[in-house]
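> Using the sequences and the hints given, assemble the complete structure.
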Amino acid sequence: MRVLRKEREEDGGADVVVVGSGIVGAACAESLTRRGAQVLVLDRGPLAAGTTACGEGNLLVSGRAPGPALALAQASLRRWPRLLAALREELGPGRAECEYEAKGGLAVAMDDASGAALRAFAAAQRAAGVDARELAPGEAAAFEPHLTRRVRAAVHYPEDAQLQPVLATTSLLAAVRARGGRIRTGVEVTGVETGRDGRRIVGVRTSEGRVPCGAVVNACGPWAGQFAAAAGAPLPVVPRRGTVLVTAPLPHGTVRHTVYDAGYVRAAGSTDAALHVATVVEATQAGTVLIGSSRRRAGFDATLRADVLRALARGAARLFPVLGGVPVMRAYGGFRPYTPDHLPVVGEDPRRPGLWHATGHEGAGIGLAPATGELLAELWAGEPPHVDPEPFRAHRFGPARPFRHSL
Amino acid sequence: MSGPPPISSPPLVVVVGAGPAGSRAALSAARCGARVVLVDSEARVGGRYERQPAAVTDGVIASATHPLELAIASQPRIEHVARATVWALEPGPAPGRHLVHLQQGPADDRGRPPRTLTADALVLCTGAFDRVLPFPGWELPGVVTAGAARTLAEGQRTAVGARAVVSGTGPFLLPAALSLLDVGAHVLGVYEAGNPARWLRSPAAVLRDGGPGRLAELASYAAGLARGRVPYRTRHAVVAAHGRDHVEAVTVARLDAGWHPVPGSEQRLAPVDAVCVGYGFTPQLELPLAAGCAVRDGRVVVDGRQATTVPGVYAAGELTGIAGAQAAAAEGELAGLAAVADLAEHAWATAGGAAAGGAADRAAEGAGTGLAPPPPARVASAAARVRSGQRFGQALARAHPVPGGWRGWLREDTLVCRCEEVSYGELRDAVVARGADGMRALKLACRAGLGACQGRMCGRSTAELAAAFLGSPVADPYATDRRPLAQPIRLGDLAGPPDEPGDVPPDVTPDVTPDPPVSPDTR
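Chains as they are written, first to last, in the numbering used here: chain A, 1 to 407; chain B, 1 to 523.
No lab work stands behind these hints, which were simulated from the structure alone. Here the structure is a predicted model, which is why all the values come from computation and not from measurement.
A few chain B residues facing chain A, derived, Cβ under 8 Å:
no., residue
1, D437
2, R447
3, D476
Derived list of chain A stretches under chain B, where covered just means 3 residues or more per stretch with a C-beta under 8 Å from a C-beta of chain B:
no., stretch
4, 153 to 167
5, 183 to 192
6, 307 to 316
7, 330 to 336
Ideal placement from N, C-alpha and C gives every residue a C-beta, glycine not left out.
In structure tokens form, the structure reads like this:
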């Protein structure tokens, strides 16, 4: 195991600098500090104020086709409740509270063709170990009394869950702090410093000076592409905009599961820049109902688009006609860290030894965070990884290009 | 030919808000030949300052009688869209142009007709709402804003209570107290937390910038209070309200210069059934922020002609600072003139700029927009009145600061967010224990500002409390003011009519009702 070199701590350094205080950075820092690493988390903005503060908090296996992403999701969903129990033990119930709810997911199809596709998709998932239960006609109404009667097929995913992303992040970071880790916001990491070989990372440059470190974790979410480029190891991570509508609080039980139109899988898996909308409807513990999801690639353009809001509202009213009369109180948007193959990037970058990535989770960062953090820490500590790291390697997007000069 | 569609002829100026600023902006733009749509949430123009009684008989609004109302009604180029809310702003087909999405009809109706305007210029005059500071018991029924009490008194001729106290800071407390007296309430006292004598020490500035009417106005308020035998105490405030289901009593304390209660000065007043509170005003920033306008110190940044940092967007009135109705009217007039001048200039530039004559004449005639160039003398006169109003506003702000001692009025269980019932202790826990050091994460960590008012009531105080815990200002103080959805809108209205029959069955009567909405701005 790599341990802190005394001189690093003395000059403000750390074994690992984690760049980004969102859920993924927090999960990495949690897993690393559990292994005894001295960790410094830096964020140029306030704590957990980026993509983490713009999500719905879905922990889903349901939308995933068999493959590496599903394997990571399964590991993560198993891990969340165990991790939260450990945090409760370590921090006390108040600090570890993050509205975790194993509510289950419900995918529905409203015409026969997409119904058949949904059933086939669920069958393939079952073969990969997902608990996907096809419901008989009429059974969906027992699960969701307000669901439209036009449902032709429905699959219940009992493993799907939800939590509140900002609470979860602050809980993870509370553990990091309790173990001696440091968290500093308002500090921007502008680049990396390399050793005599010109490749290995020995520190980061920040808006407040140089910080020596043995490794740096790029957990910058949608900004990870920019950070990777600044660190001399470009990654094709780009922002993909999403928008969520929030209704006024409704009586408990109006919407019980994470309910989504089976078209969700197609939209999430799309790769073009155009607008894709797939309806996802779910309630929060406060009673508000969150309505997603839209996807559009247009850089970091945060402008509101009325057509997106309209499409989201239409989709929700189609699934739950009862919502038509309910006021929408708020709309918010965020940027997902998108990669061309929809897989996250986790692990050390061979082009820049000491540079680690934990990014590219697109819309699933909350769900995938604990397995990501654990995988990264396992690789860092030289332990056998609990999921196959190969599909998530950084250099899969092209030939490994050695960089001779730091930027 | 490709490229953005040309601006309409005559160009369309959309004015949001029909108070003193918006009304004048509409009039000055229309008089220069622009088409104007004046959008306002109320039935009649005038806003809070020049509010017309809601004279509705059998659902019919009384015809225009006020001079301002008459002027707008008789200006054929102005369309006054009453009882309408702008729920979203969007960039338009070309730089400088905006899509304004609105809904018309009574706020709680279903199926409010939607409408989208393509504004060639946008003048935002959405005003401000009363600022309330949290104190123990402020969530009790009977605690209202001073503005709400005044509206109820002047609009409905109803007193918010029989035995009222008024507390806060600023000259606007006085007319609120008088309006209560006017409708028969007993006003037990007006408690001015500040020390406005500081301001009156330089009456020359008040005379110069507020106009001679200003001192006379203040004098008449003072006389009114004296006639009503209403005690007026400076450096005092209501620091707690008491009661079970409704306010029954209040604690008034003497404050030091930093607004810390002076120990031992607390005094209980009972019975009391209304507490009217106003600690100045908070500009209503969601539309300027949605348009991308720069905001500094809680106010929209404008240049000497009311242009914001976003081309095609102008702001006037309380959005740019609180200086009273006269100043707002001057800003509105200037904003309307500036919008027309810029449109004319732009039209001339696009037309090739070949016509002869003075710059403004060229602008109008060269492009055939039908715009009459604003007379320079009028622009100069309005600009001079705006500058004077701004000086007055600055003096007012200096005379009525809100120092941080009010935080000492709070107890562990005092609510800081009434909608979501978040206590001071919970807020501190989210900042200190969970480390939420920005407004966006903070509201998600403790729910302050996530309720029905969307932080309109509590956002500013919450940001100040967080800054006090952190020892430095929050990095994103306007995160709660950023409301891309500027007003609530029913999901069905947002969705629009269904594509295919049967999509949303018409016979489905929703059997869920949201919790009763708490009006963010109860004035």
